[in-house]
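**Student:** Residue numbers (the working numbering), protein chains in the order written: chain L, 785 to 1125; chain D, 785 to 1125.
There may be inaccurate statements among the hints.
As the list makes no split between identical chains, a pair holds if one copy fits it or if it spans any two.
Cut-off 35 Å, straight-line C-alpha distance, at most; resulting in silico cross-link-like pairs (DSBU-like, lysine-lysine) [what the hints assert, rightly or not]:
#1 Lys1034 to Lys1059
#2 Lys1034 to Lys814
#3 Lys1100 to Lys814
#4 Lys1034 to Lys811
Simulated from the structure, these hints should not be mistaken for lab results.
There are 2 protein chains.
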Amino acid sequence: MSRTLAQVGEFGLIDRIHEIIRVEGVKLPKNTVGIGDDCAAFQPRPGYDLLVTCDCMVENRHYLPRFITPLDLGRRAMVLNISDVGAMGGRPRYALVSLGLRSSTLLEDVMAIYRGFLAELNPFQAFIIGGNVTQSTDANFIDITLIGEVETGRMVRRSTAEPGDVILVTGYPGQSAAGLEILLQTEAGESWDRNPLINAYQYPAHRAFEGRAIAGTGLAHAMIDTSDGLLGDLGHICDESAVGAVLYEKDLPVSEALRQFAETSGRGTLDYVLKESDDYELMVTCTPDHVAGICDAIADTSDVPVTRIGTVTGNKGRIEIIDAAGDSRSVAVSGWDHFSQ
Amino acid sequence: MSRTLAQVGEFGLIDRIHEIIRVEGVKLPKNTVGIGDDCAAFQPRPGYDLLVTCDCMVENRHYLPRFITPLDLGRRAMVLNISDVGAMGGRPRYALVSLGLRSSTLLEDVMAIYRGFLAELNPFQAFIIGGNVTQSTDANFIDITLIGEVETGRMVRRSTAEPGDVILVTGYPGQSAAGLEILLQTEAGESWDRNPLINAYQYPAHRAFEGRAIAGTGLAHAMIDTSDGLLGDLGHICDESAVGAVLYEKDLPVSEALRQFAETSGRGTLDYVLKESDDYELMVTCTPDHVAGICDAIADTSDVPVTRIGTVTGNKGRIEIIDAAGDSRSVAVSGWDHFSQ
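So here's chain L without its partners, still in its complex pose (with noise of 0.2 Å):
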C-alpha cells in the first residue's frame, strides 16, 4: 500500500528521490555535487559552451492525468527539455527538477515520475543535480532546468537561416494533435494502444541525438524543434533570422495514419501538420547543397523520415504556402498561447 506524501513528509520524500537516483541513475563523477548541498556544483568542460533550458508542465494544462502514468509524464517532462537542448545541437548533462504536489499525491508515483526522468537521462549520462519539492493546493505541476553542452562554435541558432536556405523537417508533425484528439473522445476504459496517433501523443521522442549529428556536420543554418507548432516555430525562425519562407503544401510529410483521421475528422490534414502538436520534430534550414550532408548526417543517427518542405526568402517575416494547384496564400502564424486559450 502506497502511502501519500503527507505520511512520508518533505524529507521522508527528499530521501526516497536521493535514493532512487543514486540507484537508478548514473553515478555522479568526483568533481560534481548532486543533491544535498545549498547548490549542485560541477566544473564545465573546457572547449564547451553550456545551454541552459527549462519548460514547466502543468496538470490539467499540459497533460491530463487520465491519459498518462506517472512514468511517461516523467518522460514527457524530460523529453520537452532534452529536445531544446538537442535543437541547439548540444548534450544534456544536468537536470534539475521543481515539482509542486498536492500532500495527497501517493510516494510511488512520484517514484515513477522520477524513474521517467532517469530513462531519458541515462541514455546521455546525464545525471539529476538538484531540484526542490513544494506543496502545491491545486495542480501538481514539473518544472525541469536542463544544462547541456555544445561544443564551442557547433551551436545551431534560430537567428541564422538565410535566404535560398532549404527548409527540412524531421518526422510527421501533428500526429500527436490528432492522437490528442482521438483520446479527449475516448470513453474511459476503452482501449487505446495500437493507435500510432495515440502513441505520438502518448510517448513523445525527442531529437537530441539527431541535432547533435546536425550540428556536428557545420554545415545547418538554422535549427529549431516543433514544440511551438510546425508554422509557429518557422515563425521564430523567420523572425530572428528577420527572413520570410515558401512552403510546398504537396511536401509537407503526411503520415497514412493521419491522412486517414483527417479525412473524417472534420479538419483538414494542413491543420494537424501546421498547428500546435506536441511533437518535438527538428526544423533545420541549409544551403541546397547541405541538404545530402545533413540527411547522410541523420540517417547514421536513426530511421527518422526527413522531407524538404520548403525555402527561406528574403520576404521578412512573411510565409506562403503553394498548394497543389500551384496557387500561393500567405498565412498567418499560429502556435500556441498560454493565456489566451
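Once you have looked at the hints, place chain D on chain L.
**Tutor:** Only chain D this time, still in chain L's reference frame:
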C-alpha cells in the same frame, strides 16, 4: 489601466519581459545567448566551478499576496536563490525564471515582479537568460534556477564541518518568523512599516557578499544558509558532516525587538531564533583560531553582526543546548516540512 495576461497573450507578455530585461537589466556579453532561442547559452569561465540552485515560491503557501507587493515578491524569490549561491561561496551569474500565472494576473504586476528580480541581480552583474511562462489555474508560482560561479577549490560545503569547530551565525535569525506572526494578527489596512521584525519578514536580505568574502579567506570548514531555520540547518551540517553540535543559549543572538516581542507572544525567544523563519543568514564553522579571520572578512564587506553560538562535536547527529544555568538538553532538529503542515 493595466491589462491582464488574457488580454496581452503569451507572446505579448514575453515581448514585454524581453524588453524589461533588455532595458533595466545588465547588458548580456557577446558570447551569451539570452531569451529567444530553444536554450540560453554561455561560455563558462576557465578556473571556475559552476553552482546551480532552484527554489520555488507558491502563492498562499510561501507568500501571502496581501502582505507583499509584486516588486517585493520578485526580490524575495531571487533573494532565496542568491542566498544559496552565496552560502557555497559563489557569485550569481545567470537566472532562469519559470512563472505560473493566472490569466487574470495584471501585466503591470508581472513587470513589477521582474523589476524585483533585476533589483537583486544587477548588483552582481547577473542576467536573466531564460525561462518560461505558463498558465496556472489556481495559485501563481515563481520557480527560479540560478547559476553562479566560484573559483575552483574555494567552494564551501555543508559536509565538511569538523569536531572542535566554532559555530558562527550572522544577523538575528528568527526575526522574520516573529514579523510574520505580527502581520497575521494585523487588521487589514493597519500600518506596519516601522516594526523591525515586520521589516525582516517583508524585505529579507541575502548574505551572498559576506559568503563570498568568507569563502575567499579559505578558512571556513562548512557553511550553509539558515533557510530551514537555524536548528534545521545546523541539523543538515551535522548529518552531512557526520558530527554533532553544542549551542549555548546565552550566546544566541536575540535582537532587542525580538526580545520585547517574545515577552508578550506566549512563545519563548528560543522558539523564534531556532525554528523555521524566513531569514537568510549564514552559519559557518571554522577552527577557533580562524574566527577572527572570518569575522574580519565579513566586517570588510558589511556591518552585519557575527555571533559565536556553539561548537561542533564528535557526537554524531546529536545537538545539545546548554542553558543559562549550565544544564544541557538534547533537542530534536526542527525544520520546515512542506507536506506535514
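**Student:** Against this structure, judge whether each hint is valid.
**Tutor:** Structure-based check of all given hints:
| no. | hint | result |
| --- | --- | --- |
| 1 | Lys1034 to Lys1059 | within (17 Å within a copy, 67 Å between copies) |
| 2 | Lys1034 to Lys814 | neither (54 Å within a copy, 41 Å between copies) |
| 3 | Lys1100 to Lys814 | between (50 Å within a copy, 25 Å between copies) |
| 4 | Lys1034 to Lys811 | neither (48 Å within a copy, 45 Å between copies) |
This entry does not satisfy hints 2 and 4, going by the numbered hints stated previously.
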